[in-house]
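Chains U and F are the protein sequences, given in the same order. Quick note on the numbering used here: the first sequence kicks off at 1 and runs consecutively. Quick note on the numbering used here: the second sequence kicks off at 1 and runs consecutively.
A portion of the hints provided could be inaccurate.
[Stated by the list, open to error] Now the stretches of chain F that chain U is said to cover, found in silico as 3 or more residues with beta-carbon under 8 Å: (1) 26-38; (2) 48-59; (3) 146-158.
[Stated by the list, open to error] Partial list, computed: chain U residues near chain F (C-beta under 8 Å): (4) D5; (5) L49; (6) V146; (7) L147; (8) L171.
[As the list claims (entries may be wrong)] Far from chain F by the CB rule (all over 10 Å, computed), these chain U residues: (9) W26; (10) L93; (11) G157.
What the hints contain is simulated information worked out from the structure, not anything from laboratory work. C-beta atoms are modelled at their ideal positions from N, C-alpha and C, and glycine is treated no differently.
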Amino acid sequence: MHIPDGFIAPQFYLPAYLVVGGAWMWAARGIRRTLDEETIPRLAVITALAYAIGLVMLPLPGGTSGHLLGIGVLAMLFGVRLAFLAYSLVLLLQAMLLGAGGITALPVNALAVGLVGASSMALCIRWRSSRYPLPAIAVGAFLAVVLPAFLIALVLGLQPIIAQQDDGTPLFFPFRSEIVVPAIMLPHLLIGIVEAVLTLAVWRYACDRGWLH
Amino acid sequence: MSDLHWLLLYLLAVVIVSLLHQPLWLAMGLFLVILFAGSIRWRLLRKSLFSILYFNTTVTLGYLIVAGMQDQFRAEYLLLVNCRVLLLVMLAFWLGARINIANALRFSPSLSFLTTLTAGQFRVLSRVVSDFRAAFKSRNLRRPGWRERAQLAVAQTEVMMEKSHHAATEISQAMRSRGVFDD
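Bound-form chain F, shown alone (with noise of 0.2 Å):
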C-alpha cells in the first residue's frame, strides 16, 4: 500500500474510533496496534503516554473532583475517554512512524514540497531554541529571574525571525538556480 493509502486508512479508523463508545472496543483497538506495530511498539506506548499525561491527567482528576462533588462518577467515563485519547494517540504516532508525510502528499506536488521544506526548517528553528536554552543555561548559575527569561524569549524570537527570512531568501534562489519550477 503507497503511503496516501496508509493515510486515508489512518483517517477512517480516526472517524470509526471516534464513534465508538464502548471501552472493550476500544481496548481492542488498542490491543491490535500494539500487536501490529511491530518492534516500536513499545516506544509507541512510552511516546503516547508520554503526550497525553498533562491533559489526560488534568481532566481525569477534574471528572474525579467535578463528577464525585455531584454524586455523578461514573468510572467507564473515565476509561471510555482515556482509551479513546491512547488509541487515537498511538495510531497518528504509528502512522508518523510508518510513512513519509510528504510521500503521502505527493498528490499535489506543491503540498509535498512544503511540506519537506517544512519540516527541514522545523529542525533548523528546533536546534536554534535549543542551543539557545542551553546557553542560557550555562550563563546562569542560579535560577535566572523574569526579566532575564523575558529577553531570552525576545531574542529567540529575534534570531528565528532574521533566519528564517534569510533562509526564505536562500531557499527562494536555490529554487530558482535549479529549475525547480521550469517545465
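Excised from the complex, chain U in its bound form (with noise of 0.2 Å):
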C-alpha cells in the first residue's frame, strides 16, 4: 500500500517529517529514557517481525493475493508506541535497501500505517468486551488497514492540488481524491477483512501462549 519516491511534492513531504520527528520523539520516550540490553533486542526483533508479516501473501478471492500489513498484529501484541516506531525503521530500511516505498513517502507512510493503524487498533482493543473480544480485535484489524488506505489516497489526491504547473499540469501524482480514493479503497476493503480473520487466527494463538493479557 505505501506509496514509492517521487509522487510526493516537497510541499507535503518536508512538513510531515516534522510531524513525524515529534511523534517519533513521543513514541521513543515513551518506550524508555534509553535503550538497554532488553529494549534493543525486543525492538530489533519487532522491527524484523514487522518487515517478515510484510512477506507473508494473503489469498484473495479470484486467486490473486495481497500482503499482510500486520500492523494490527504488531499493535495488538506491543503497544502503539513500539509498533510505531518498529514500522518506521521497517519504512526506513525498506526504502533504502529495497527501493519499496521511499525517503520523500516515508512521514506520510510511516504517520498513515504506523501511527493511526496501530493506534485504530489499540482503541479497539481498550475497549473490547472481556466475555466477547473477537469483534473488537477483527474491527480493529481491519480499520488498521482501511484507515491508513484512506489516508494515504486522500493525501496522493491532494498532490495535484498543492503542486501544478501554471496550465494545471500536475508535477507529482496526477490523479484527484474522486479517483485515487476509490482506486485504492476498494481493494483494501478486501485486505481489510482477510486480515481481520487471520489477525484473530494469531490472536488466539498469542492467548495461547501467554503473550497477551
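Two independent chains are provided; combine them into the complex using the hints.
See the structure below:
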C-alpha cells in the first residue's frame, strides 16, 4: 500500500517530516529514556517481524493475493509506540535497501500506517468486551488496514492540487481524490477483511502462548 | 567521505531532485548516476526499473486513460514523473550499495546497534518465509485453494512470532553476558 518515492511534493513531505519527528520523539520517550539490553533486541526483533509479516501473502478471492500489513498484530502484541517505531524503521530500511516505498514518502507512510493503523487497533482493544473480545479485535485489524489506506489515498489525491504547473499539469501524483480514493479503498476493504480473519487466528495463538494479558 | 556524509549528501540530493521540474535536468541526473555508479551501474538500473515497474506502470496507464478522456494529456508529465521516480530510486539503491547504513548511524550507538540487529533478523525471518513457500509448493501438485493458502499465512505468522520471541530473549541474554551495556 505504501507510496513510492517521487509522487509526494516537497511542500507536503517536508512539513510531514516535522510531524513524524515529533511523533517519533513521543514514541521513543514512551518506551524508555535510554535503550538497554532488553529494549534494543526487542525493538530489533519486532522491526524484523513487522518486515517479515509484510512478506506473508494473503489469499484474495479470484486466485490473487495481497500481503499482510501486520500493523494490527504488532499493535495488539506490543502497543502503539513500539509498533509505530518498528514500522517506521521497517519503512526506512525498505526504502534504503529494497527501493520499496521511499524516503520522501516515509513520513506519510509512517504516520498513516504506523501511527494511525496501530492507534486504531489499540483503541479497539481497549474498548473490547472481556466476554466477547473477538469483534473488537476483528474491527481493529480491519480499521488498521482501511484507515491508513484512506489517509494515503487522500494525501495522494491532494498532490495535483498543491503542486501543478501554470497550465494545470500535475508535477507529482496526477489523480485527485475522486479517482484515487475508490481505486485504493476497494482492494483494501477486501484486504482488511482477510487481515481481520488472520489477526483473530494470531490473537488466539498469542493468548494460548500467554503473550497477551 | 564517511558513510554519514554520504547519507547527508543523499538526503540533500533527494530534496533537490524533488524540487526540479524539468525532465532534461532529471535525465542529466540519471546520466550522472549511471556514469559515476561504476561497475554496478547496470545492476542498479535493472533493480530500480524492476522496483518501480508496477506502481509507475499503473500511474502511467491511468494517466493516459484519464488525461486522454479529459483532453488534458501532457507527454512532458509522464517524462517528468518517470524520470524523477527512477532517479530517486537509483539514488537510494546506489547509497545502499555504497555505504553501510549501520556505520552511517554511528552518531547514535543505540540506533546503529539496533539497525545491525534488525538487518540480521530481517535475513533470518526472510529465510523462514522462503522456506515455508518452498515447502508449501512442494506439498501441492495443483494450485492450492483459499483455505490452504490462508492456513499457510497463519502458520507462517505464528512461527515467525515464536521465532522472534525466542530471538529477543537470546539476543538480550547474549548482550548481557558480554557486558555490552557495561561501561
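Hint status (Cβ of U/V146 to nearest Cβ of chain F, threshold 8 Å): Interface hint status for U/V146: violated (19 Å vs cutoff 8 Å).
Verdict on chain U covering the region 146-158 of chain F, where coverage means 3 or more residues with a C-beta closer than 8 Å: holds (count 8)
Closest CB of chain F to the CB of U/W26 still more than 10 Å away: holds, 17 Å
Distal placement of U/G157 relative to chain F, Cβ over 10 Å: holds, 13 Å
Restraint outcome when U/D5 is required to lie within 8 Å of chain F by C-beta distance: Hint holds; U/D5 Cβ to chain F Cβ min 4 Å, cut 8 Å.
Coverage of the region 48-59 of chain F by chain U, judged on three or more residues with CB within 8 Å: Holds, because 6 residues of the region 48-59 of chain F bring their Cβ atoms closer than 8 Å to Cβ atoms of chain U.
Hint validity - U/L171 Cβ closer than 8 Å to any chain F Cβ: Check passed: Cβ of U/L171 comes within 5 Å of chain F, closer than 8 Å.
Satisfaction of the U/L147 interface hint, Cβ to chain F closer than 8 Å: It is violated, given that the least Cβ distance between U/L147 and chain F is near 21 Å, above 8 Å.
Residues of the region 26-38 of chain F with Cβ under 8 Å from chain U, three needed, outcome: n = 0 at 8 Å, threshold three: violated.
Status of the U/L49 interface restraint (C-beta, 8 Å, chain F): holds, 5 Å
Outside-interface status for U/L93 - nearest CB in chain F farther than 10 Å: At roughly 7 Å from the nearest Cβ of chain F, U/L93 sits no farther out than 10 Å, so the non-interface label is violated.
Checked against the numbered hints listed earlier, the structure breaks hints 1, 6, 7 and 10; every other hint is satisfied.
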